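The listed protein sequences derive, respectively, from chains A and B. For the first sequence, the numbering used here gives the first residue as 1, with consecutive numbering after it. For the second sequence, the numbering used here gives the first residue as 10001, with consecutive numbering after it.
By construction, these hints were calculated from the structure, which means they are not laboratory data. Quick caveat, the model's predicted, so the values are computed rather than measured. Please note that the accuracy of each hint is not assured.
Listed below are several chain A residues computed to face chain B (Cβ distance under 10 angstroms; list not exhaustive) [unchecked claim]:
1) 558
2) 720
3) 776
So, partial list: chain B residues that the calculated Cβ filter (under 8 angstroms) puts toward chain A [claimed, not checked]:
4) 10028
5) 10242
6) 10245
7) 10265
8) 10439
9) 10445
C-beta: ideal position from N, C-alpha, C; glycine also.
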Amino acid sequence: MKDWRGWIVGVAAVLLLGAAPLSAQSITGTVTDSSSVRPLEGALVSVVGTGKRMLTKATGSYSFADLAAGTYTVRVQMIGYAPAEKKIGLAAGEDATLDFSLVLKPIELEELVSIGYGSVTRDNLTTAVSTISADDITATPNASSDAALAGRAPGVQVIQNAGNPGNAITVRVRGSASISASNQPLYVVDGVPIISEDLSQLGLGGQGIRAITGVSSEDIASIDVLKDAASASIYGSRGSNGVVLITTKRGRAGESSISFNSYFGTQRASKKIDLLSGPEYLTYMREGALNDGYDPDDYFPTSGANTDWQGEVFRTAPISSSELSAQGGTERIRYRASGTLFNQRGIVLASGYRRIGGRINLDFQAAPRLSIQTSLALSGERNDRVEADDNLFGIVGNAIAHEPYFPVRQPGGAYSNTADGMAYVNAVDLAEHDNARAVTNTVLANIEARYELGRGLQLTGRVGVDFYNLAETQYNSPLVPGSPGAQYGGVAKRSYSNGQRYVFDGFFNYDRSFNTRHVLNLTAGTSVERNNTDRNFVRGETLTDEKLHQVSNAATVTEFSGTFAENGLLSFFGRANYTLDDKYLLGLAFRSDGASVFGPNNRYGFFPGGSFAWVASRERFLANSGTISLLKFRTSLGRTGNQALSDYPYQGLFCTSNYGSEPGYQPCALGNPNLSWEKTTQLNLGADLELWNGRVALSADWYNKKTTDLLLSRPVAGSTGFTSFTDNIGAISNKGLELSVTAVPIQPARADGFRLVTSFNIATNRNRVTKLYQNQPFNTGYYDINRVEVGQRLGAFYAYHFMGVDPATGDAIYQDIDGDGNITTSDKKVVGNPWPDFTGGLTSTVSWKRFDLTGFFQFSKGNDVFNGMRVFSDEGGYNYDNKFREVLTRWQQPGDITRQPRASFDGVSGAREISDRFIEDGSYLRLADLTIGYALPEALAGSLRMTRARFYIRGQNVFTSTKYKGYNPEVNSNGSTGFGDNSSAQLATDFYAYPVARTWSFGIQAGW
Amino acid sequence: MFQRSMLLLAATLSLGACSILDTSPPDQLSDDKAIKTPGGARAALAGAYNELQDGFYYGGTMTHFGDLLADNANHTGTFTSYQDGFLHDFDADNSDVTGMWNHIYDAIKRANTLIDRVPAVTGFAAGEQEQILGEAYFLRALSYHNLVKHYGDVPIRLAPITDPASAGNITRATVAEVYAQILTDLGEAEIRMTNITNPDNHATVAAAKALLARVHLYQGNYALALAKAQEVEALGYALAPSYSDLFDNDDVNTTENIFKLTFTSSIDQANLFGFYWLSDQLAVGAGRFEIGPTQSLIDAYDTLSTDARLAWNIQPDINGGGYVEASQAGGSYGTKFPTTAGAEDFHVIRFAEVLLIEAESFAQLGQLANAVASYNPILARAGLDTDTLGVDITTQQQILDRIDVQRRLEFAEEGDRWTDLIRTGRAQAVLGISANQLLFPIPQSEIDAAPTVTQNPGY
């Protein structure tokens, strides 16, 4: 416990520094809006160089006491307004008054940025942090509020994976830094790292569910993403994937206000895959049989129905969201209470998602020096899920696969099914009879007490809990011929997964200036965290009656499990920010983590970070420039870790392994006591520029992120009886450039004149695997399509290279790389790249009088997608699956020149081989959001006793321009975490993923 | 005061928290705490049998490939790893070839762990320690035989690995060396075990003798094979009265059972047999119909028309097409394992095989009358006419051919055919494959992790 002693010394030093004696003067004043001359509440007023800051009250007033005599600069910042600064000299014993009149600012930026265990104004930020504001968060029709990061935070790649309601999404901050461990960022809500894993025990293909959906987007004030290592190092061993800090809305002192936000809309599948019609299918398949010497009549009729199976399982589905909140209070007690209801039916039969949530954030000044913040959020989610992606009973997958010549129902009225000769179980029948439901209850609560020790020293104690309770049931009906339900006389599954997280933080903040030139901000503290996961699962077969769907109705229990797991984290952290003359900003931070997931040999890790920024625009030579209002250069270097693997990865273990009724165990895991963190070192260079008083704001960052000691499943010879053990081997690098520009090309003279605001961001990331165990490449993912190889991008597509179609035979020709005359695994090569060359977004908002129009585009360029559906739907006819329409251009007779191999019933044409024929360009440009709004005139709203009323029509996912032939190029059927070893390398694969919806909705925002 | 109490609180939290860093899984045992008592040894033994149930080993791949790679089964499903097996077009990274290798060696690892640790355990009832060790030797021999039959030269590992760093330093032992090790282990098993014939879901002295007979037969040591087969026969085994008794109810212990591997409907102990052979077009439930009987197998029965084994092993086309071979579109189904629940036990070795080993050994040794007498009960049990030497059958070759066909028909869908064809030297002629295709490739993953391991020719 060496860390402990050093920490005490540090705290003592801080206390001593704070003890210097000072005399007391004060500054008071009010802040008003320049046009309306109304007082502005909630403006941030700070005395530059002292660390003193406060928010203005409802009357617009502020006051600072306890100031030493001297010259001060007082700065006022408020969202939507240009910042203002005034200088004032304070003689001893003199109090001063300084009033401010703020001018509406062309660009709105969040001014206060959360950085973990504290916050900083954007001006004083030295690291790379992206911020998303509340408006953008609520504009995203996704249960997962972090979906709002898509296209809005440069360097943050968001992948929906699949379109099913409530689905877990993939978030990658500056690429992927890990192969086996999670690449999802750490999520922190109001200072408490929350449970964000997928604890589901029902394997439903590439869909996941994730606790983060329990946080209602309407309650979020802002999301800050810590991207560089210097900022994330305060989260130490969990910072490598970036940190997403979610801050919820809180009450403000003043008159109470009520707001009501609601929308209602309809969703439809944004696309249907272009498949063969019934007659086309029969022609094609019969041709294939004939080509390979079979009698088509043995296998196919000559005519049949023409069913659009996709149309049969898709539906127009409503979506709605309502939020009612009230906030207000006094200087002593402030509150915000809200209730939300989000309801989304799925565009595929039998799917849907609903969330009911409530939150109370209560802040009170318990004593002059003691303030207490409490946050309590409850949410209940119900997720009706469907089998998808990777099995024979997926509704979407079967709808694509079904032979179109079968009718949905036979003449007698029963569903067509395998007994009638269909290859797969009828998707409509499955949707009607089978079900899977996840019910989640979440309690997220924290209480934070802050005690002003005086002279800039503050002590904060925080206790946070996250209780996550997930109950799942699944039922497979015996009434669906050919399904597992029929096979086993009905199947019922039930599982409970309980996650509990307890976080205890205690930290000091010290904020102090010395003779106005030096400002010192110190943070030091300790954190203890404990995670428990309880899980049980039971599966029963042969149910008493088709109306009874519970495990207790089962005749046999075929699977059961129940256990718990736990891990703990003990941490010390500290941060020092020093500002000289308000121009030179230096930041140092560290965290020391002790983690139970690692062995005694390597249990403690140290994660430092340092950053420096120079605000050139405050130098004399730029201070009076009319053009450049801000110019700042930032650099940072830091180290972070990633430990997210499993609870006990270092231990050699015996696992249960029974034989008949004899209980047994067996050595199931090779131990590795030296196991340690993945370590990421990241260098960041950035610059911020604002021109013409903020009319154009530009921010650029370059980073070089190197991750070493990757936790990898290290292969051992299978002849040992083990196939692998976990070890720190391998390295990966991510380098990238991020650029964001916000501009006001058209700025009206009057507040309600014609105004155009545009923001654009673009980011590139170059990902390279740089080291592996003995540099041996390996493959993972569906059909081993994703390659992990030194020098290649993580998860690069690895397959045969399709050379074309032999004009003489119609057979597919592949590149014979080793020239041995046979196509074997040694002829595979890297044929595609799942990583985009660049991604980004463009938002433009036009406002005029009381109208506003916003368009938000997202784009991704250069990424490939493995269209795994074509393994069955473009393989010549080996499987009975319906085919993509591309097969209409197939080779049919000698001499045909085409890229589409001949129809082949037994697969000998070679069209089945997994090759770059199935790798498609996944680049896209998407109009993600199009909103037209109208705000009622204030007079009219006032006559309705409202302070605010706005109506809007919003289209989401309005159109997507892409060459990709599946539903959605932003896809990954491996989900956000993948399966088994090397799961984070399983990328960009479409294996019957649930399609995404296009949504049109009407909404109202009202305030009283 | 407040400051001090907060500091105290922080200190208490931090110090008290040290213990939260020491966690271990509540449902697993750390390596150094396992196999310390007789109960632990029994548990590890159960764990060793458990591995034989694996879907890549007896519970699936190895058994299926025994028919699929031979002339018994067509590939009717979608798994490319099975298709490549059917076409004798294995790549070194074929997932089933790799999985089978890894899981057979996993079984060896579990046996090695027992052999390594059980001698140090005390407190056993009389004979139990030796019985457990004997079973471990048996299991190791069984797995090495399964390896050598499929892969040829293979690495021999006789102790559990402790240092993963040195795990790659190994080379392949020759087939002769592997057989020598198998015979050594079976010798240990035979001597140490005290259970003679029961329980039949564990190795017994009888099982060791029967496996010895099989191993000698594979090596062409007919006199030794005959001797062991006769020792088994002397223990009182007899064919089950009806062929179907062997399969239709796994609770029935027939006099034919020597070593029968237990499977249950519990998912981690279920076999894949019914699920792979059966189709969702059958009333019994939705199999994936990955493999189905060939015309050649059907015809082999058909010429003997009244064979009771045909009725049990193969169900004719449900659409009235009769005994037509299985294809993707349907046809006949292999129904030896009648449900898809996977609870049917599996005969690793049963007395019918011992009789056929005896018959073949007699025939090879020129004792033709004894050979016919040995296999006649098999014919009789199948409802066929028995042979009379000099009347129905005359030459040594005719007898060997008859035994070959009887083995095929008797053990159809039990995974015996592929290695049997190789053993008798018939594989290339019957299947039209090259000499290189007689052995599986060594999995690429093994060679990658242990570069001193060489590949079989042709891969």
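Status of the hint placing residue 10439 of chain B at chain A (closest C-beta pair under 8 angstroms) = 16 angstroms, violated
Classify the hint on residue 776 of chain A as holds or violated, based on whether any CB of chain B lies nearer than 10 angstroms to its CB.
-> 5 angstroms, holds
Identify whether the interface hint at residue 720 of chain A stands, where standing means a beta carbon of chain B within less than 10 angstroms of its own.
-> 5 angstroms, holds
Hint status (Cβ of residue 10245 of chain B to nearest Cβ of chain A, threshold 8 angstroms) = 20 angstroms, violated
Grab the minimum C-beta distance from residue 10445 of chain B to chain A and call the hint holds if it beats 8 angstroms, violated otherwise.
-> Result: holds, 6 angstroms to nearest chain A Cβ.
Quick one, is the residue 10265 of chain B hint okay against chain A at 8 angstroms, beta carbons?
-> 5 angstroms, holds
Does the CB of residue 10028 of chain B sit less than 8 angstroms away from some CB of chain A?
-> 4 angstroms, holds
Given hint residue 558 of chain A near chain B, where the shortest CB pair must fall under 10 angstroms = Status holds, d = 5 angstroms.
Go through the hint on residue 10242 of chain B and say holds or violated, using the shortest Cβ distance to chain A against 8 angstroms.
-> For residue 10242 of chain B, the interface hint is violated, since the closest Cβ of chain A sits about 24 angstroms away, which is over 8 angstroms.
Going through the hint list in order, the structure does not satisfy hints 5, 6, 8.
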